[in-house]
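Undergrad: Residue-level listing of the chains:
Number of protein chains: 4
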Amino acid sequence: MRPLIPDYLHEVLAAVAPKTSGEIASYIPELATADPERLGAVFATVDGEVYGAGDVDVEFIIQSISKPFVYALALSDRGFGPLLDKVGVEPSGEAFNEISLERDTGRPRNPMINAGAITAHSLAGPEGLRAEERMERIVQGLSAFAGRRLEVDARVCASEMENAHRNLAIAHMLRNYGILSEDPRGVVDGYIRQCALLVSTRDLAMMAATLANRGVNPLSNEQVVDQAVVRQVLSVMATCGMYDAAGDWATQIGIPAKSGVAGGLIGALPGQLGIASFSPRLDAHGNSVRGVSLFERFSSDMGLHVMEVPPTAREVVRSNRVRGEGSEATRILRLQGGIRFAGAERIVREVLDSAPSEPRVVLDISLVHSIDDVARRMLLEVARRLSLDGQQVILVDPESIIPDPDPGEGGSITVVRESEETLNLMAVDHGRLR
Amino acid sequence: MRPLIPDYLHEVLAAVAPKTSGEIASYIPELATADPERLGAVFATVDGEVYGAGDVDVEFIIQSISKPFVYALALSDRGFGPLLDKVGVEPSGEAFNEISLERDTGRPRNPMINAGAITAHSLAGPEGLRAEERMERIVQGLSAFAGRRLEVDARVCASEMENAHRNLAIAHMLRNYGILSEDPRGVVDGYIRQCALLVSTRDLAMMAATLANRGVNPLSNEQVVDQAVVRQVLSVMATCGMYDAAGDWATQIGIPAKSGVAGGLIGALPGQLGIASFSPRLDAHGNSVRGVSLFERFSSDMGLHVMEVPPTAREVVRSNRVRGEGSEATRILRLQGGIRFAGAERIVREVLDSAPSEPRVVLDISLVHSIDDVARRMLLEVARRLSLDGQQVILVDPESIIPDPDPGEGGSITVVRESEETLNLMAVDHGRLR
Amino acid sequence: MRPLIPDYLHEVLAAVAPKTSGEIASYIPELATADPERLGAVFATVDGEVYGAGDVDVEFIIQSISKPFVYALALSDRGFGPLLDKVGVEPSGEAFNEISLERDTGRPRNPMINAGAITAHSLAGPEGLRAEERMERIVQGLSAFAGRRLEVDARVCASEMENAHRNLAIAHMLRNYGILSEDPRGVVDGYIRQCALLVSTRDLAMMAATLANRGVNPLSNEQVVDQAVVRQVLSVMATCGMYDAAGDWATQIGIPAKSGVAGGLIGALPGQLGIASFSPRLDAHGNSVRGVSLFERFSSDMGLHVMEVPPTAREVVRSNRVRGEGSEATRILRLQGGIRFAGAERIVREVLDSAPSEPRVVLDISLVHSIDDVARRMLLEVARRLSLDGQQVILVDPESIIPDPDPGEGGSITVVRESEETLNLMAVDHGRLR
Amino acid sequence: MRPLIPDYLHEVLAAVAPKTSGEIASYIPELATADPERLGAVFATVDGEVYGAGDVDVEFIIQSISKPFVYALALSDRGFGPLLDKVGVEPSGEAFNEISLERDTGRPRNPMINAGAITAHSLAGPEGLRAEERMERIVQGLSAFAGRRLEVDARVCASEMENAHRNLAIAHMLRNYGILSEDPRGVVDGYIRQCALLVSTRDLAMMAATLANRGVNPLSNEQVVDQAVVRQVLSVMATCGMYDAAGDWATQIGIPAKSGVAGGLIGALPGQLGIASFSPRLDAHGNSVRGVSLFERFSSDMGLHVMEVPPTAREVVRSNRVRGEGSEATRILRLQGGIRFAGAERIVREVLDSAPSEPRVVLDISLVHSIDDVARRMLLEVARRLSLDGQQVILVDPESIIPDPDPGEGGSITVVRESEETLNLMAVDHGRLR
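Residue numbers (UniProt numbering), protein chains in the order written: chain A, 1 to 434; chain B, 1 to 434; chain C, 1 to 434; chain D, 1 to 434.
For the record, the hints were derived by calculation from the structure and aren't laboratory data. Any given hint could be a false lead.
Unchecked claim - Across the chosen pairs, the derived CB separations fall in these ranges: (1) E37/D x D404/C: 40 to 50 Å; (2) D301/A x F80/B: 11 to 21 Å; (3) R321/D x P3/C: 15 to 25 Å; (4) A32/B x D301/D: 43 to 53 Å.
For each residue, glycine too, the CB sits at the ideal point set by N, CA and C.
Pulled out of the complex, with its shape left as it was, chain A reads as follows (with noise of 0.2 Å):
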């Protein structure tokens, strides 16, 4: 069988190659030199597969896409309160280049412009590093989610610096306010090798796949930030991720992403899939054209808007029967597909509707794939409040997929591993339960 997914990304790709509008950066040598044909896609599940088709290997500077990043990292480091109390979330609702610090504060709207990436780099690694230790931690950091030591651009960032002028502007104004605590031009300096390290489209679709696997590389199985960092850093690029066409951005697409003004874009899909792109011409937004092209495509193609919810064609409660009689009756309810609340609450509705009057409840686990934290406990507080009313409550829970389960206060629960069907279930348990 010939493979599907990289015919799928050849034919995308050979559909927005004639669009040659929009303008490649050019504000220095390094950038204006890029060849503006450069082209390229990858996706790479949260499983560590690699799709690609294009120019996926073709080293560029990473620029602002640095940015969730490596908010992330300081998140990691400094905790919520620190890094909320120096940088908002809210969307600007303006263009890439403004200032956009909020007034008597100083505090910068979000970490997606350029005022709270500044922030942000700043914060990364713990108080009282050094530069460079500082610059480390963040190489490291981004490497961590890249699955591959990344290299700064030395060239570039000689360059960046003598043009680094918004910057330094952003950040003396930013220590006039007492946001930054250190010497701006230092900073500065630190925040152009961040945006000047070196990355592929498939590193980057490395990376945004990080983050749709809740944080987790999904080759070397690291965590590299832990899952409230991840939740905050998808959250802040769906709001602000694409400057002011942020909002055309979420209702078209629906895809948290972010942009780099050499021409990569990547999104996160959670749980699903990361994404990048590669094409150096710009639109006036400073996005990527044929990126936000592609974007539109994957998101229309493949149903990857966040909002977009597919139907659920079966019910979590895959049966509810009573096998036995008198004081050998037992309620055998299977639940299957993934348990999140609303399925939770599906089931303890199916629980109290029964008003089960057996001696003995079953609730068989086998065919239910994934189950959140709150789905969880609602089943096990069901589990418990049976127990307190009489009846023995049976897991059946052949992979642990509830490794450890805790009624609580005053319940208790049996659990059965071994049987992989329910169909002999009243077999295994007489002999084993009684």
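Assemble the complex: chain A is given as a structure, and chains B, C and D must be docked to it using the hints.
TA: Below, chains B, C and D without anything else, positioned relative to chain A:
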């Protein structure tokens, strides 16, 4: 067994009840005399179950919570293009009482601010409606969301109209820019009536549940608006629903939401449930103080943040085995869980990695509880490619999750619906398929 | 002799006539059909002489040029405090169509923008007037400035009212903030009538001359508003009169001015003259293209810039001599010119430096052509101090420039009115004063 | 006689001394330790007389009061065009610590805000100066305004440079827009030294008097900058000098002014005097509390408002008589006072109204104390036209107020310089002119 979710709701209500900070809206007498102690919360699931605690049936005026629903009606009645020409989708980053028109064009920044909501009001129903006809369209549409006929509070309308100077200012400015094409007073009059619809917390939860349920009212099963409209509305609620606290809400709570000045607050969690709360005292942003606290609890207790994704405990490919040998050999892939792009990709990869040489390949989806468009298309493409390679492809789909499978040009597929489990597939198979 | 100023005006008009850039205002039919080639300019001196060239008697609508005059009436009728509470005096630095209300209070930034002008309109006349009464007050007041009864163009009013959405928006917003306390529609209706007053360039020049003449109409000699009001109005015209080109105008032209969208433009040079021009084509700021050119010529040709000050060629102390000896000795100071603070200071210094020991000091002001309050008080204080030192002080003031001289506590002064020249003072003196 | 103005100054100082509201600037230690009770005020007349009261010789740092003077130097050294390309003249309506760059171009709104002042600093001296040379130009230039060599406070510079983040931010932003073409740190370093010049209240008054005296230092008689520059600087001070209180100041006080954060305040009244005050406590606008009170007193006590114009008590035409008869007839117009355009117009009219048929017309300007360019040209034009009509024109000008009278093409004029008074003109006349 004692019901579990009502217990939870009562507990959370008790926890927020002591919060007496904030002020009730007082710009019209009808609001000023509201009982500030009122407190209620309701969950409505996408299959129509309703859980409530507190003052769930007290009626109050809907106010700004009407905005997303009327925007939905306008999108539905006029189409996306005409709406986007007149109302943007960018967060304004401004307080609720800002005008926020785009410079030059006068286009309101988004439909959640008054300027945008007044414009959306004027675009509900087909072109050319008289004011009363349009109002009837709106009452009927919002009633369809709620699942019962809603009524306007006439006393409130009279009071509001006396104090409608800000909205009249906005409407005249919109008329000045040609965004409104009708008499501004008439539009404001209608808008005020829209905002004076009487709803209970129960109604609001059901309206939110209709959004969460892809536009279908869970009780009436009426498709009020289509799925693309819902996606647009939820996206806009996510980025613009909570005024200048939009970013805080998006990061901390992460539920598309909308608040009203009478104390109502709704949230819609796609695919799961609609939530509503009612408590009249407002914070400085104009959002219900206790309402915000309730949603904070709901989001963190129940993992309802849209950027939160549960770990997948089980592989989508439950097993991949070969039965029989030689020309009798059959490869059986048993799939499970909810399949979207990422799951489908995993299945494609499994097939490619297995490089099946067996004359028969069985794709058993009896344990798959949901599958979206792209995943369905990908599965069928796998079937097509395998059959082009000369292999017989059998889809075991007892509950018709893929109702009318067509693998497309050159492909063929055999569907088996009878077997509940695949254990006996080979027998069935030998008896029937050969 | 051929008249000199008409020659000049004709020459300047001929110089600007070829300028055909700019567009006539076209938002109502009555403006759109104006003849774009109309061109006129008028000088009106503070003693009532009028010089004109071109279309000086063509009538057009006054539009925004009514603003400073209605502001003057409101200041006059209500007092400074109430006016400043409702309308600020700060330049807005914004274009003519900005709303420019102060955040929080909603107070318009200044009376030259529409929001401020509408507010000023509502404050003309005493409190409690009905709309028609207030309108009559305004017509009467502006007529008094012009020196003839002005009429409203009814057709224009009807057209304007149909397109008054921006002004209605502003008025409702002002009402919302409590800046307006009446029905916004009624106020806008009145404001539109105010703006539709028909004036000729001649009228406008006379209105400006009334401002230049300290509030007194040069022809009727009516004190339309008092001097403090005029000072306030001229100050506001100087800083806010030309919209976002205020600074350019203040530096390059330096004449307090106001323009109207029908093509009128006025300037008032305190103490000297009123100027008006008329040419309908407008620049991007909404100011008459040729009008601006005319004023540039007037200012530079005639040194009319308010910050321009001519060198003082002669000392205010014309001579300082002693006649006679011993007990007959008389010190005679002959003063000349216009005396304000700086001149008075010079006189005081002269007296101090002379340290007069003569029994008699004569202050001869027969050649003084003007003296202001402070200078008068200083001169009298000199007299008082000298008389306290035991010296006789004689004021020679044949034309009663200081009508009722009172040197104050402990001082005494002798006034001589008969003598036209001081040449014979000693004789008179010997004969009469001894 | 006891001096009168010092009495007045002492009295006013005593009146404001009890005002102890406001705070001294404290962002650097050198300012924070200032004695808040310091209080001084100085008047300096355009002929060099200085009156002071209080702490007139205490030195403090000039701060923002340097801005108009350095702007004057830059205008003088580079010309109007280059300056206006880089720095606007529009009031910003914003607080003193706003950046206020024009969108798109980055041009500072005016030279009184820091961005404009830093730019003006960079443009002092001819192009191509090294930083020290430019600094020397500025020190020399401001010293010329003051009439003595000023020195920089080195300790203040060091402190300021440590806290110069806002100015560095501004300078880098200006560099980013190409408004500055040099190293931003170097320019800020120079700007800080400029602001750290030590001045006394006496110095400031003399600097202001130099502006009031058309650019000529009243003591040294050095023409520091030319008159066009002074007019530009005074205009900008009038509209932009007092930050966001510019309109309040322009209406209530009406003296072109500038304040500094160390407590200094200057005002320049064209043609009359320079004023300075010193009191370190500042109001919320950053202006000296007592300084503002002092200027309010000065303006109202002494009629110093630029829009205040004294009534002209006497006609500019003192008399218009005919002596002799027939071919001996001579028309004698005796003129008096200060003659600007309005006065000249009056004279022209007098001549026209008289329609003189006498063979000889005498224009006696012995009592004219000042005459500006336009009036001089008009008088000569009258002479020219009369002589073209065949009349002999005699100008009696004993003090050469019109030094080299040339009536222009076809005109002729006879000048009489000897006669001090015109009483004996006829005799002289008969004896000499025939």
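Undergrad: Would you mind marking each hint as holding or not holding in the structure?
TA: Okay, the hints, checked on the actual structure:
1. E37/D x D404/C: 40 to 50 Å: The hint (40 to 50 Å, Cβ to Cβ) holds, given that E37/D and D404/C are roughly 43 Å apart.
2. D301/A x F80/B: 11 to 21 Å: For F80/B against D301/A, whose Cβ atoms are near 18 Å apart, the range 11 to 21 Å holds.
3. R321/D x P3/C: 15 to 25 Å: holds (23 Å)
4. A32/B x D301/D: 43 to 53 Å: Since the Cβ atoms of A32/B and D301/D sit about 52 Å apart, the hinted range of 43 to 53 Å holds.
Of the numbered hints given earlier, the model fails none.
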